[in-house]
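Visitor: Listed in order, the protein sequences are those of chains H and W. Under numbering that gives the first Met the number 0, the residues of the first sequence are numbered 0 to 171, in order. Under numbering that gives the first Met the number 0, the residues of the second sequence are numbered 0 to 341, in order.
Calculated directly from the structure, the hints in this document are not laboratory data. Be aware that a few hints might be false.
[Unchecked claim] Short derived list, chain W residues pointing at chain H, Cβ under 7 Å:
hint : residue
1    : Lys108
2    : Thr112
3    : Ala137
4    : Ser151
5    : Arg265
6    : Gly275
7    : Ala318
[As the list claims (entries may be wrong)] Derived SDA-like pairs: lysine to any residue, alpha-carbon spacing no greater than 25 Å straight-line:
hint : chain 1 : residue 1 : chain 2 : residue 2
8    : H       : Lys32     : W       : Leu158
9    : H       : Lys156    : H       : Gly85
10   : H       : Lys32     : H       : Asn162
11   : H       : Lys134    : W       : Tyr337
12   : W       : Lys340    : H       : Ser138
13   : H       : Lys32     : W       : Ser334
14   : W       : Lys140    : H       : Lys60
15   : H       : Lys134    : W       : Asp256
16   : H       : Lys164    : W       : Ala259
17   : H       : Lys60     : W       : Lys303
18   : H       : Lys156    : W       : Asn328
19   : W       : Lys210    : H       : Ala161
20   : H       : Lys51     : W       : Pro306
21   : W       : Lys108    : W       : Asn325
22   : W       : Lys257    : W       : Asp310
23   : H       : Lys38     : W       : Asn321
24   : W       : Lys322    : H       : Arg52
25   : W       : Lys257    : H       : Asn33
26   : W       : Lys140    : W       : Asn106
27   : H       : Lys32     : W       : Pro159
28   : H       : Lys134    : W       : Thr112
29   : W       : Lys140    : W       : Glu166
30   : H       : Lys60     : W       : Lys322
31   : W       : Lys134    : H       : Tyr139
32   : W       : Lys340    : H       : Thr140
33   : H       : Lys32     : W       : Arg188
34   : H       : Lys167    : W       : Ser258
35   : W       : Lys218    : W       : Thr304
36   : H       : Lys32     : W       : Asn325
37   : W       : Lys209    : W       : Ser334
38   : H       : Lys167    : H       : Thr35
39   : W       : Lys322    : H       : Ala159
40   : H       : Lys60     : H       : Ala47
It should be emphasised that the depicted structure is a prediction, and the values quoted were computed from it without experimental measurement. Note that beta-carbon positions come from the ideal geometry of N, C-alpha and C, so glycine has one too.
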Amino acid sequence: MKLNFKAILISACLLPALYGSTALAAEAGTALKNDTLRKEPYADAKTAGSFKRGDNLQILKKQGAWLQVKTTKTTGWVRLLSVKRGTSTAGNQTAGILSAASGRAGTGQVVSTTGVRGLSEQELKAAKFNESEIKTMESYTQSANDGRNFASAGKLKPIAFANLKAAKGTAQ
Amino acid sequence: MKTPIKAQMNTLLKNTSRNQSAMPKHAKIKSHKNLLISALLASMLGLSSMQSFAFDLKGALKEAAEKEFGQSQEAPAKDAAQTQTTETGSTTSETSATAKNSEPEFNWKNPSTEEEITLGREIAGNLLGAAPLVKDAALQKYVNSVGRWVASQSERPELPWRFGVIESEDINAFAAPGGYIMLTKGLYRKLTNEAQLAGVLGHEIGHVVKKHQLKVLQKQQLLNMGAGFLSSKYAKDNQLVSKAIGTGAEISARSLDKSAEYEADRLGLSYAARAGYEPYGLTEVLQTIGQTNKNDGSVTLLFKTHPHPDDRLVALGDAIGNKLDNIKNGKTLESRFYQLKN
Chain H
0 MKLNFKAILI SACLLPALYG STALAAEAGT ALKNDTLRKE PYADAKTAGS
50 FKRGDNLQIL KKQGAWLQVK TTKTTGWVRL LSVKRGTSTA GNQTAGILSA
100 ASGRAGTGQV VSTTGVRGLS EQELKAAKFN ESEIKTMESY TQSANDGRNF
150 ASAGKLKPIA FANLKAAKGT AQ
Chain W
0 MKTPIKAQMN TLLKNTSRNQ SAMPKHAKIK SHKNLLISAL LASMLGLSSM
50 QSFAFDLKGA LKEAAEKEFG QSQEAPAKDA AQTQTTETGS TTSETSATAK
100 NSEPEFNWKN PSTEEEITLG REIAGNLLGA APLVKDAALQ KYVNSVGRWV
150 ASQSERPELP WRFGVIESED INAFAAPGGY IMLTKGLYRK LTNEAQLAGV
200 LGHEIGHVVK KHQLKVLQKQ QLLNMGAGFL SSKYAKDNQL VSKAIGTGAE
250 ISARSLDKSA EYEADRLGLS YAARAGYEPY GLTEVLQTIG QTNKNDGSVT
300 LLFKTHPHPD DRLVALGDAI GNKLDNIKNG KTLESRFYQL KN
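Working from the sequences, and respecting the hints, build out all of it.
Guide: Written as structure tokens, this is what we have:
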């Protein structure tokens, strides 16, 4: 009961205010790793089942860093990064719950509209130094102070956060 | 320890004639012997298999290189001289004498920040030769503002960080030593808010902070010196900077090892989080890129030089665990995200 109360409190007060909670038509997803489903969107919540890497899922809802997903057997919450949007076989999914949540919907994804590309391996090897372009690039340099002002204008507040370290037991 | 180096040198020698035609335009020195040396350098960089080879042998090569580095005065061209006739050895001393007067020395063993920036500028300038800046000053200024603020959260805030969006529909981003960072218009198109841009720039900033590209170039230089192709004096010659990076911007087309990419992901996310952004920006971009069809030409180079986005997401997810659970006020700022004009 205590757990549930905490869960409700967190989801009701904190998370929606921060990230918004989105409920739209389900989007297809694929499990990126074996993981446990939770009954609520937080780590201490009771388990509701599990899935295996490669399983196809339906993404029902996003709340903060959690996704509510439906497997063939059950429904539950998992961390955002355990799931890949789209199925392993499907192509692009331009519309979907996550894209809508991030304001993506409707902007359309333009891919390779022209044949002009300068960045193939061969083209990179053949590239010639361009002094005027590098000077132009350098002319846009911002100072640390410019950066601070820009951050303030966007109400960005720096926080203390230690650099992430590689997870133990991973081959990195 | 010596055997692999020797083997590598033999391969290099075989490749010399082929690569000589693809010599960089920066060949200021006319002497054909210098050309030969530069061609050797170029061919070394040009061998794609060399990358993993160099990393596998990391410790051994470094050791060997440093050992030879100290001895190079007495024995400038061991293996090289044998295979190559004595020409190389005799030119080396001539050139180092002339170079010493005209150009500052480049300390490959322990480059200064200025030297790092010089090297990065050369690489960035070459990359801009392949794909120029998008002609939109407001866009460039915006990206520099975001990048500067994120870089200020890094371990090297004092670098003169510079950012640019380049004219290409490819999806990719590049970092060069000293703080030169570029992303393509194609990648920018995929972004939907400032937090995502901060995450992408953070990844590249991570490469610069950890000197990932610089270390690759240094290893190759030390290898060259260790193999006795160059005297230590000659190898420090600043004129070699343009040759050391190979032809054009090919260094940008090469892979770092996977652990460097995962590390840059973790750092990029961390810097963006410290800057006050919604920390999942980078992972959203990886989600988007992961959905791009592998056969789409716009991601060919990116997929070739980076671990698959799915693997990067899993690695980031494992590193994150519950560490972001208490970050609550991160901003996405889509309201001021600069929209491309075309």
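Visitor: A separate judgement is required for each hint: does it hold in the structure or not?
Guide: Verification of the hints:
With 7 Å as the threshold, the beta carbon of Lys108 (chain W) stays out of range of chain H, its nearest partner Cβ sitting at about 25 Å, so the hint is violated. A hinted interface residue such as Thr112 (chain W) counts as satisfied when its beta carbon comes closer than 7 Å to some beta carbon of chain H; here the least separation is about 15 Å, so the hint is violated. The criterion of a C-beta within 7 Å of any C-beta in chain H is not met by Ala137 (chain W), whose closest approach is roughly 10 Å, and the hint is violated. The interface hint given for Ser151 (chain W) is met, as the beta carbon of that residue sits about 5 Å from the closest beta carbon of chain H, less than 7 Å.
The interface hint given for Arg265 (chain W) is met, as the beta carbon of that residue sits about 4 Å from the closest beta carbon of chain H, less than 7 Å. With a least beta-carbon distance of about 4 Å to chain H, the hint placing Gly275 (chain W) at the interface is held under the 7 Å criterion. A cut of 7 Å between beta carbons decides the hint on Ala318 (chain W): the least distance to chain H is about 5 Å, and the hint holds. With a CA separation close to 38 Å, the supplied pair Lys32 (chain H) and Leu158 (chain W) exceeds the 25 Å bound.
With a C-alpha separation of about 34 Å, the suggested pair Lys156 (chain H) and Gly85 (chain H) falls outside the 25 Å cut-off, and the hint is violated. Between the alpha carbons of Lys32 (chain H) and Asn162 (chain H) the distance comes to roughly 23 Å, so the proposed pair stays at or under 25 Å and holds. Under the criterion of a C-alpha separation no larger than 25 Å, the hint pairing Lys134 (chain H) with Tyr337 (chain W) is consistent with the structure, at around 23 Å. At most 25 Å may separate the alpha-carbon atoms for a hinted pair to count; Lys340 (chain W) and Ser138 (chain H) meet this at roughly 21 Å.
Taking the CA atoms of Lys32 (chain H) and Ser334 (chain W), the gap is near 34 Å; set against the 25 Å cutoff, the hint is violated. Restraint check for Lys140 (chain W) and Lys60 (chain H): the C-alpha separation of about 36 Å exceeds 25 Å, so the hint is violated. This hinted pair does not check out: Lys134 (chain H) and Asp256 (chain W) have alpha carbons roughly 31 Å apart, beyond 25 Å. For the suggested pair Lys164 (chain H) and Ala259 (chain W), the alpha carbons sit about 12 Å apart, so the restraint of at most 25 Å is met.
Of the supplied pair hints, the one linking Lys60 (chain H) and Lys303 (chain W) is violated, its CA atoms being roughly 33 Å apart against a limit of 25 Å. For the hint linking Lys156 (chain H) to Asn328 (chain W), the alpha-carbon distance of about 9 Å falls within 25 Å, and the restraint holds. This hinted pair checks out: Lys210 (chain W) and Ala161 (chain H) have alpha carbons roughly 20 Å apart, not beyond 25 Å. Restraint check for Lys51 (chain H) and Pro306 (chain W): the C-alpha separation of about 21 Å stays at or below 25 Å, so the hint holds.
For a cut-off of 25 Å, the pair hint linking Lys108 (chain W) to Asn325 (chain W) is broken: about 43 Å separates their Cα positions. A distance of roughly 10 Å separates the Cα atoms of Lys257 (chain W) and Asp310 (chain W); the hinted pair therefore holds under the 25 Å criterion. Proposed proximity of Lys38 (chain H) and Asn321 (chain W) is supported: the alpha carbons are some 17 Å apart, at most 25 Å. For the given pair, Lys322 (chain W) sits about 23 Å from Arg52 (chain H) by alpha-carbon distance, which is consistent with the 25 Å threshold.
Distance check on the hinted pair: Lys257 (chain W) and Asn33 (chain H) sit about 22 Å apart at the alpha-carbon level, within 25 Å; holds. Using a Cα cut-off of 25 Å, the hinted pair Lys140 (chain W) and Asn106 (chain W) is violated, with the two alpha carbons roughly 33 Å apart. Proximity of Lys32 (chain H) to Pro159 (chain W) is assessed by CA-CA distance (about 40 Å); at most 25 Å being required, the pair is judged violated. With a C-alpha separation of about 19 Å, the suggested pairing of Lys134 (chain H) with Thr112 (chain W) holds against the 25 Å cut-off.
With a C-alpha separation of about 16 Å, the suggested pairing of Lys140 (chain W) with Glu166 (chain W) holds against the 25 Å cut-off. For the hint pairing Lys60 (chain H) with Lys322 (chain W), the CA-to-CA distance comes to about 22 Å; that is within 25 Å, so the pair holds. At roughly 12 Å between alpha-carbon atoms, Lys134 (chain W) and Tyr139 (chain H) fall within 25 Å of each other, so this suggested pair holds. Between the alpha carbons of Lys340 (chain W) and Thr140 (chain H) the distance comes to roughly 22 Å, so the proposed pair stays at or under 25 Å and holds.
Only pairs whose Cα atoms come within 25 Å are accepted, and Lys32 (chain H) paired with Arg188 (chain W) is rejected, the gap being roughly 29 Å. Restraint check for Lys167 (chain H) and Ser258 (chain W): the C-alpha separation of about 14 Å stays at or below 25 Å, so the hint holds. The suggested pairing of Lys218 (chain W) with Thr304 (chain W) holds, with an alpha-carbon distance near 19 Å, which does not exceed 25 Å. Simply put, Lys32 (chain H) and Asn325 (chain W) have alpha-carbon atoms about 24 Å apart, close enough for the 25 Å limit, and the pair holds.
Pair hint Lys209 (chain W) plus Ser334 (chain W) does not hold up; C-alpha atoms about 32 Å apart against a cutoff of 25 Å. As the CA atoms of Lys167 (chain H) and Thr35 (chain H) are separated by approximately 19 Å, the hinted pair is consistent with the 25 Å bound. Of the pairs offered as hints, the one joining Lys322 (chain W) and Ala159 (chain H) holds, with about 12 Å between alpha carbons and a cut-off of 25 Å not exceeded. Between Lys60 (chain H) and Ala47 (chain H) the CA atoms are separated by roughly 16 Å; this keeps the pair inside 25 Å, and the hint holds.
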